[in-house]
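K.L.:
Below are the chains, spelled out letter by letter.
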Amino acid sequence: MQFSAAQIAVLINGKVEGDPQKLVGSFGKIEEAAAGQLAFLANPKYEDYLYTTAASVVIINDNLELRQPVSAALVRVPDAYSAFATLLSKYQELKTQQLTGRQDPSYVSDSATMGEGVFIGAFAYIGEQVKIGNQVKIFPNAFIGNNVVIGDNCIIHPGVRIYHDCRIGRGVTIHAGSVIGSDGFGFAPQADGSFKKVPQIGNVVVEDGVEIGANATIDRATIGSTIIRSGAKLDNLIQVAHNVEVGHNTVIAAQAGVSGSTKIGSNVMIGGQAGIVGHISIADGSKINAQSGVSKSIKTPNTAVTGSPAFDYTSALRSQALSRNLPDMEKRLKELEQLVKQLLAERINL
Amino acid sequence: MQFSAAQIAVLINGKVEGDPQKLVGSFGKIEEAAAGQLAFLANPKYEDYLYTTAASVVIINDNLELRQPVSAALVRVPDAYSAFATLLSKYQELKTQQLTGRQDPSYVSDSATMGEGVFIGAFAYIGEQVKIGNQVKIFPNAFIGNNVVIGDNCIIHPGVRIYHDCRIGRGVTIHAGSVIGSDGFGFAPQADGSFKKVPQIGNVVVEDGVEIGANATIDRATIGSTIIRSGAKLDNLIQVAHNVEVGHNTVIAAQAGVSGSTKIGSNVMIGGQAGIVGHISIADGSKINAQSGVSKSIKTPNTAVTGSPAFDYTSALRSQALSRNLPDMEKRLKELEQLVKQLLAERINL
Amino acid sequence: MQFSAAQIAVLINGKVEGDPQKLVGSFGKIEEAAAGQLAFLANPKYEDYLYTTAASVVIINDNLELRQPVSAALVRVPDAYSAFATLLSKYQELKTQQLTGRQDPSYVSDSATMGEGVFIGAFAYIGEQVKIGNQVKIFPNAFIGNNVVIGDNCIIHPGVRIYHDCRIGRGVTIHAGSVIGSDGFGFAPQADGSFKKVPQIGNVVVEDGVEIGANATIDRATIGSTIIRSGAKLDNLIQVAHNVEVGHNTVIAAQAGVSGSTKIGSNVMIGGQAGIVGHISIADGSKINAQSGVSKSIKTPNTAVTGSPAFDYTSALRSQALSRNLPDMEKRLKELEQLVKQLLAERINL
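The listed protein sequences derive, respectively, from chains A, V and D. Residue numbering for the first sequence follows the working numbering, beginning at 584 and increasing consecutively. Residue numbering for the second sequence follows the working numbering, beginning at 584 and increasing consecutively. Residue numbering for the third sequence follows the working numbering, beginning at 584 and increasing consecutively.
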């Protein structure tokens with residue numbers, strides 16, 4: 584792929600100075616770029632490189648005044664750094680879109696069906712009756728179990744495992760190593776102290792536009808579905824237990840965990856390492872601070888909580904501050920005890 | 584596989600109404616099932632579908648009184664929902680048992696030995712001198728290191744990694760992405776502030792009937808064995824450090840962690856995200872609440888603890904409640920100080 | 584590989600008794616070892632086995648006085664146990680070094696380059712333009728994305744995923760299932776409550792001598808690099824967010840997490856399950872206790888903190904102790920209130 588300075592200017596809404604026909608095919612740092620590369624100059628400290636760089640096109644800030652002639656074509660924008668980042672990101676998106684076909688060896692069962700523009704990486708496994716939509720990219724070493732359905736435009740990163748019968752919506756991204764649909768943690772205690780496995784025959788439904796981080800785990804439902812509603816964003820290493828529902832546009836930060844059958848509303852924000860017990864519900868718009876332990880339902884929308892056990896954010900902060908002052912409080916209490924003792928003694932002496 | 588209404592009645596201990604020879608080969612919802620499918624009716628709201636369904640066999644509740652003739656064969660049981668779940672679970676078990684042979688490509692070293700009825704999925708790796716028992720199912724992309732021994736009837740889900748020399752008992756299930764036998768975290772501090780790796784030459788022993796969730800990590804011992812005793816159940820994303828022993832029938836919920844050389848007794852219950860420091864022991868039957876941080880040995884069996892640092896459950900709850908009331912306590916203290924100050928002032932004035 | 588008693592003595596700095604030419608090729612326990620095996624005797628309880636063992640060479644303690652003749656060649660050292668461990672570890676190292684070549688099938692792109700003595704396990708994936716140094720061992724099912732650079736002497740365990748453009752230094756070990764370079768968790772909130780992905784176009788740089796445990800996740804930077812400085816040791820299941828810098832020789836225990844853009848100094852020790860918020864800095868030599876929640880920068884080097892929110896270790900311990908005594912404090916407060924009330928009543932009665 585090659586782009587002219589003029590094409591780049593259109594993509595990032597900039598103005599060309601110099602030869603608009605100059606072509607670039609890759610990216611480089613201004614201090615090391617070669618001919619045919621695109622660079623940018625954001626930090627004034629590096630301005631000298633602008634006059635010596637071999638880059639064919641350089642993105643610069645609108646307000647930069649040239650002190651010498653420049654051989655590269657320039658593209659001026661308000662913020663060179665962010666324009667360059669935008670370009671790089673579009674470029675990577677384009678490269679992902681262009682990934683198509685099957686790398687060898689991969690395993691695709693005869694009964695699986697696929698849309699247009701699908702990529703199946705080497706050592707990826709596609710089970711029986713799997714249905715894969717258009718433009719889905721399945722990276723190497725991923726595992727897609729029997730009867731799984733994956734909607735259009737999903738990206739399944741390396742080593743993701745999706746157990747049988749799960750449903751993935753459109754535009755879902757799942758990062759490396761995450762596991763969708765492992766058995767819920769259900770064991771019935773027996774009289775002899777042992778545990779008998781409760782069959783986990785439900786599935787996981789991940790709706791449209793969800794993003795799931797790396798090495799996260801989302802268990803299948805005992806019966807029915809564990810559901811991640813559309814637009815939810817889940818970070819790395821989070822745990823979602825069986826029969827949980829995570830609401831629309833809810834955000835869960837890394838290493839947080841939600842226990843079985845809990846229902847989390849829409850637009851909830853859950854901080855890192857927070858834990859939520861099972862069988863409760865969390866109202867829409869709630870904010871759960873990092874490391875909190877939520878042990879009761881939150882019924883009022885937009886409530887903020889913190890602490891373990893978690894309670895109302897403002898009171899909790901006040902209690903936490905007082906906790907730190909406990910040595911001082913204890914000292915004040917002791918002094919009072921002395922004074923009162925003295926007062927009592929005097930009274931008796933009266 | 585096809586089953587008659589009569590056979591299904593035997594499996595779930597029910598009574599047939601209608602043609603006991605009707606055959607089914609798959610499952611469906613009562614509102615959409617086709618001929619040759621098995622459905623169930625539990626929720627009275629859906630009763631109308633019973634009279635129109637194309638399903639060949641329907642499981643219904645004992646006490647349901649038919650208002651119209653039904654073309655499907657019926658199987659009556661006390662709880663249609665749970666009978667259907669049982670059937671579905673048995674069916675999946677059967678399907679797992681029927682998985683045998685090797686998918687291509689997989690890697691099995693010449694020196695590995697296998698029992699009867701073993702399944703090796705595509706892209707699974709079986710190292711040198713590995714011994715695999717009867718009816719073991721190793722799913723795609725799993726890695727079994729050199730000299731590993733796996734007992735009969737184990738299920739090793741996709742992408743599980745078992746390092747060299749580990750021992751897995753009979754009837755063990757390990758979910759996707761879990762790592763057994765990675766190096767313990769042992770580094771000796773050096774004079775210059777750097778760390779020198781302490782060789783981790785032990786292994787992990789997982790006894791019979793253990794279940795391990797997804798993306799969990801169990802480190803090999805420095806010397807000797809990290810041991811998971813029979814019947815223990817470990818949830819997703821848990822961490823078990825080197826030389827730990829987890830007792831018989833002990834249950835550990837998601838994201839909990841146990842530090843090195845700690846010995847956990849039998850029938851202990853450890854809540855989610857709890858942490859236990861190294862080199863301590865936890866008495867049989869202890870209950871460790873979610874998010875607790877256990878920093879000392881628990882010597883009395885059946886002790887319940889909570890908090891971080893964790894202590895006796897009942898006192899801890901009382902302290903936690905008072906913590907929340909700290910603003911109130913502080914106010915009471917301030918009022919007392921005022922009153923005593925006043926009393927003192929009056930006394931001086933006397 | 585076969586070693587003589589004399590060669591073993593050289594390796595562990597011991598003295599031979601008996602035939603220095605006796606050869607061993609593997610290891611065994613003294614009670615079960617066969618001819619051609621090396622055993623050790625450390626525990627005096629097992630001394631009887633020394634006189635009956637079939638092992639060809641036995642490592643024993645310097646101070647052991649033989650009560651009977653021994654047919655095995657003996658190698659005397661100050662500590663037989665640790666000498667045996669050293670040998671076993673050297674042996675495993677040697678075996679790892681001897682792993683070379685490519686197992687079949689593996690996927691190596693044409694544009695990848697490799698040094699000497701490299702091992703590529705079955706089902707490993709090596710992307711475009713990847714550069715792999717000398718003596719690098721890449722185990723089965725690992726994924727190395729496009730443009731990744733891996734320095735000499737690295738060990739990449741099974742199922743590790745390294746996303747495109749990341750840089751791994753020399754002598755780095757990464758344990759099974761860890762993910763390096765997944766997208767940072769960056770989403771810009773939109774007016775309608777949804778979130779728009781912020782492109783994550785940076786990478787991860789892991790410097791020389793770093794060890795990373797199993798199933799850990801290290802996200803790529805939004806722009807620039809997430810950096811793990813030389814000599815750092817990261818345990819299992821830890822989370823390092825985008826644009827974080829982990830300092831030289833810093834140690835992070837299992838399940839701890841560091842949020843985005845935080846800069847952790849050198850020689851810091853972070854306990855298990857600790858969490859550190861984003862956009863702060865932690866001074867060199869700080870000690871962060873297990874399960875702590877660090878919400879503010881630590882500016883003074885060598886500070887120890889604990890608690891959630893974390894503060895100064897000594898005060899925090901005092902506050903924690905007082906927290907446990909809150910029921911007692913509350914009782915004292917109530918008693919004081921009674922007494923003061925009484926004093927006030929008496930005063931009014933005056």
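Bear in mind the hints are in silico, worked out from the structure with no lab data behind them. Heads up, a few of these hints could be off.
Note that identical chains are pooled: a pair holds if it fits in a single copy or bridges any two copies.
[Stated by the list, open to error] With a straight-line Cα cutoff of 25 Å, these simulated SDA-like cross-link-like pairs (lysine to any residue) come out:
{"no.": "1", "residue 1": "870", "residue 2": "924"}
{"no.": "2", "residue 1": "673", "residue 2": "594"}
{"no.": "3", "residue 1": "612", "residue 2": "828"}
{"no.": "4", "residue 1": "720", "residue 2": "589"}
{"no.": "5", "residue 1": "924", "residue 2": "619"}
{"no.": "6", "residue 1": "598", "residue 2": "587"}
{"no.": "7", "residue 1": "678", "residue 2": "863"}
{"no.": "8", "residue 1": "780", "residue 2": "901"}
{"no.": "9", "residue 1": "612", "residue 2": "714"}
These numbers were taken from a predicted model, which means no experiment stands behind them.
K.L.:
Next, verify each hint and record whether it holds.
P.N.:
Hints, one by one, checked against the model:
no. : hint        : in the structure
1   : 870 <-> 924 : neither (47 Å within a copy, 43 Å between copies)
2   : 673 <-> 594 : within (9 Å within a copy, 57 Å between copies)
3   : 612 <-> 828 : between (46 Å within a copy, 22 Å between copies)
4   : 720 <-> 589 : neither (31 Å within a copy, 46 Å between copies)
5   : 924 <-> 619 : neither (88 Å within a copy, 83 Å between copies)
6   : 598 <-> 587 : within (13 Å within a copy, 75 Å between copies)
7   : 678 <-> 863 : neither (43 Å within a copy, 35 Å between copies)
8   : 780 <-> 901 : neither (45 Å within a copy, 35 Å between copies)
9   : 612 <-> 714 : between (43 Å within a copy, 20 Å between copies)
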